[in-house]
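Chains as they are written, first to last, in our numbering: chain U, 1 to 591; chain C, 1001 to 1272.
Treat the hints as calculated values from the structure; they're not laboratory data. Heads up, the beta-carbon is just placed ideally off N, CA and C, and yes, glycines get one too. Do not take every clue at face value.
Stated by the list, open to error - Each pair of labels, with its calculated beta carbon distance range:
{"no.": "1", "chain 1": "U", "residue 1": "264", "chain 2": "C", "residue 2": "1267", "range": "28 to 36 Å"}
{"no.": "2", "chain 1": "C", "residue 1": "1157", "chain 2": "U", "residue 2": "148", "range": "37 to 45 Å"}
{"no.": "3", "chain 1": "C", "residue 1": "1098", "chain 2": "U", "residue 2": "278", "range": "26 to 34 Å"}
{"no.": "4", "chain 1": "C", "residue 1": "1098", "chain 2": "U", "residue 2": "548", "range": "48 to 56 Å"}
{"no.": "5", "chain 1": "U", "residue 1": "559", "chain 2": "C", "residue 2": "1102", "range": "19 to 27 Å"}
{"no.": "6", "chain 1": "C", "residue 1": "1051", "chain 2": "U", "residue 2": "560", "range": "22 to 30 Å"}
{"no.": "7", "chain 1": "U", "residue 1": "138", "chain 2": "C", "residue 2": "1163", "range": "37 to 45 Å"}
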Amino acid sequence: MAEMHAEVAHAHHAPTNFISKYIFSLDHKVIGKQYYFLALASVVVGIILSVLMRLHLVWPDVHIPWLSALSPAGAPGGVMTPEYYLSLMTMHGTLMVFFVLTTAPQAGFGNYVLPIQIGAEDMAFPRLNMLSFWTTFLGFVVLMAAFFVPDGPPLSGWTAYAPLTAIGSIAGPGEGMGQNLWIISIALFCVGSLMGALNFIATTLDLRTRGMKMSRLPLCVWAWFITAILALLSFAVLFAAAVLLMLDRVGGTSFFVPAGLIVSDRVLSNHSGGAPLLWQHLFWFFGHPEVYIAILPGMGITSHVLSTFSRKPIFGYKAMVGAMMAIGFLGFMVWGHHMFVSGMSPYSGFAFSVMTMAIGVPSAIKTFNWLGTLWGGKIRFTTAMLFAIGFVSLFVSGGLSGLFLAQPAVDVYLHATYFVVGHFHLVMGVAAIFGMFAGTFFWFPKMFGRMMNETLGKIHFWITFVGVYCIFMPMHFLGVTGNVRRYSTFVDDFLKPLIPLHEFMSIAAFITAGAQLIFLFNLFWSMFKGQKATENPWEATSLEWTIPSPPPFDNFAGKHPVVYHGPYEFGVPGAAKDYIMQDSHETVPAT
Amino acid sequence: MGLAIALVITLITAASVYIFAAHVWWLPVDISTHGAGIDRQFILTLVFCGVIFVLAQLGLALFVWKYRDRGDKRKVTYSHGNNRLEATWTTAAAILFIGLNLMGYRIWANMHFTGAAPGALQIEVQGQQFAYYFRYAGPDGKFGPLHVDKVDDATGNFFGLDRDHDPDSKDDIVTATLGIPVNRPVELLLRSKDVGHSFYVRELRVQQDMLPGLEIPIHFTATDEALKHQNGRYEIVCTQLCGLGHYKMRAFLQVMTEADFEKWLQQQAASQ
Chain U
1 MAEMHAEVAH AHHAPTNFIS KYIFSLDHKV IGKQYYFLAL ASVVVGIILS
51 VLMRLHLVWP DVHIPWLSAL SPAGAPGGVM TPEYYLSLMT MHGTLMVFFV
101 LTTAPQAGFG NYVLPIQIGA EDMAFPRLNM LSFWTTFLGF VVLMAAFFVP
151 DGPPLSGWTA YAPLTAIGSI AGPGEGMGQN LWIISIALFC VGSLMGALNF
201 IATTLDLRTR GMKMSRLPLC VWAWFITAIL ALLSFAVLFA AAVLLMLDRV
251 GGTSFFVPAG LIVSDRVLSN HSGGAPLLWQ HLFWFFGHPE VYIAILPGMG
301 ITSHVLSTFS RKPIFGYKAM VGAMMAIGFL GFMVWGHHMF VSGMSPYSGF
351 AFSVMTMAIG VPSAIKTFNW LGTLWGGKIR FTTAMLFAIG FVSLFVSGGL
401 SGLFLAQPAV DVYLHATYFV VGHFHLVMGV AAIFGMFAGT FFWFPKMFGR
451 MMNETLGKIH FWITFVGVYC IFMPMHFLGV TGNVRRYSTF VDDFLKPLIP
501 LHEFMSIAAF ITAGAQLIFL FNLFWSMFKG QKATENPWEA TSLEWTIPSP
551 PPFDNFAGKH PVVYHGPYEF GVPGAAKDYI MQDSHETVPA T
Chain C
1001 MGLAIALVIT LITAASVYIF AAHVWWLPVD ISTHGAGIDR QFILTLVFCG
1051 VIFVLAQLGL ALFVWKYRDR GDKRKVTYSH GNNRLEATWT TAAAILFIGL
1101 NLMGYRIWAN MHFTGAAPGA LQIEVQGQQF AYYFRYAGPD GKFGPLHVDK
1151 VDDATGNFFG LDRDHDPDSK DDIVTATLGI PVNRPVELLL RSKDVGHSFY
1201 VRELRVQQDM LPGLEIPIHF TATDEALKHQ NGRYEIVCTQ LCGLGHYKMR
1251 AFLQVMTEAD FEKWLQQQAA SQ
């Protein structure tokens, strides 16, 4: 299977003009970069929104002149209204979950690196690849357009619970055109992701070069492969849900709207028979696997980087693959833990709870194996390595708070408090972003042919690592006191004593957000002025380090690499160097 | 660099553990009979997770410091893993995680698998953008039927009662505050008029969404502790994003002695 692919894969030739080379490119490397920069643009907007929200939370009267230009109703005179806060929160969540956490780790790095790591010349379906990027890009444009419609962006949160989202503008400003655009954007994103997922699966199964058995795949390839399967199964459901929601809004259907709704003293007589819980089931059937779609690539990258810079084989390769499969499999059976207090049957709540605790087991296995990889190693503290170590620390911290929320009896108290916000920001937000930073510092030399500045990288790491703990760990304390989330002001008496802690978190957020400018500067400066990268600057073993930096158009210059080893042969006793490349003829003692 | 990261991880770990252990920010007072079980399970989980948190973070700190590259001739430990270790920690994690969960099973079961005690005081709770209203059945013990077309917020008919034609509705009492007697089981029937809302009283350790089209029952009993704090008055807040005024959707729970409650209810009835 692996040998017969070459002609099929490379049906297209090297592009000759700017448009076909950089815009409508069929080259997986360019498409990977396009996804990366789309995610970068999204994360910049997303972080600006979070800074605005943190500003509003602690200094609600602060004047932001340009905000009133963006939304005269949302920020009259530059002072944000509590309603506009909800809109910004909705846009922040949607941008971050979809266009950052799903886009960069999987579609960005996966696109760039996966074909090279398996010895292929491109993805299996280059045209589909281009189409999936441009569909996703269109989704981004549609979402951004929601900022500029008269009623403003939707304010229903990234979960868009029905029937608030199903009945149109009668439910309030932002629930009109803004919510329509949100649904269209998400539907487009689903289509883009589905095409991408098909491509990743076909590429991994069919385009592996000679000798690249599944058991020799780098762990990041395994992660992208398993993530693609999750995306294929879950985005299909979200797409259907989005279509049904749109039909409820504009087609006169009632999938999510029951009879007898009275909104603003008006009876909605045109709806009957729908079930609001159905939306929650469909949404979370997607939404929970989505958490793993965001984090699995980060796990793969972390495993790869930890082994490379520990100069040691990954500890428990098979256990790592098995754990990712188990996470993927169980990930489809735990969605109900988002719904313990929703009104769902308490018996199914119990069942979902047991499955959720079970998914903690493979997560624990991964952590043990990462520690096992560091144990006895010779650690080189590159910036990529620092971010991978940070990933492990954040994953442990954020993962453990999941054990509270997985128990319905504890969740009854903590649900919808800042405890939840702290939990998912640490584990699926910041840990996944640390995975992206690790990936950026690690693969930048290959992608751009130059090195990033390590000093700037380390300054950026230290501020970010301490900063995110200062922002998100206190959220757990807030949650314990019962501080509810999605509140823009402290109208409730019991929240007022918590304001000083909120101020601390806001200041930490401003510093951490500011530190990201160091990263942006480093990224763009290094792209043009960085020191030229050699073929294999990290002394790594996988196939992308056997070709020039940056690689030629067809990756392996017409040759087909042959693979003889697994991807983590570091510190092999008796070997000439402390690593053996995957395509090296050197022998490795049987293990 | 290894030492620096080890120190920072250790400091973050120590600070986090201290703040939890010293109860710098902590659970509010518990005023329900079932709350003690929830708090116990929370603390058990906190200790359990705290131990894992400390071990994992300090393990990480120790390893990055101890196994840093010192530029010497030391060889790394060439190992692809250890199946016995994998089996051990997989089994241990499975037993611990599932075990912890089963320990909390009874609390959840008591809250939800059985209905309210016989003779519990039934109160209907209606959520709407952006307020709560409460309905008591009155002396006849029966809730009158609701009519969608009779709902009129302007005249205060939030539920859609037809007091002129439905005898059961005549003595129904509608309030904006949730008054309950202490030490008596209460069953709330939660419903929503428009979109999703939620009923959250943190001191009561109760949170339950309210959805249109569903009537969701929950039950609890307030303890004497409730009367000792805040004059028995606790905030009810909406925790389900319900639209632009979500942040100001709140009401109050007033816990009273049985005698005060009866008096209060009569006053409410008089003002209908």
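These are the hints, each one checked on the structure:
1. U/264 - C/1267: 28 to 36 Å: Distance hint for residue 264 of chain U, residue 1267 of chain C holds at roughly 31 Å.
2. C/1157 - U/148: 37 to 45 Å: Distance hint for residue 1157 of chain C, residue 148 of chain U holds at roughly 41 Å.
3. C/1098 - U/278: 26 to 34 Å: Since residue 1098 of chain C and residue 278 of chain U have Cβ atoms about 30 Å apart, the given range 26 to 34 Å holds.
4. C/1098 - U/548: 48 to 56 Å: Given about 51 Å between the Cβ atoms, the range holds.
5. U/559 - C/1102: 19 to 27 Å: About 57 Å separates the Cβ atoms of residue 559 of chain U and residue 1102 of chain C, which means 19 to 27 Å is violated.
6. C/1051 - U/560: 22 to 30 Å: violated, 51 Å
7. U/138 - C/1163: 37 to 45 Å: Because 56 Å falls outside the window, the suggested range is violated.
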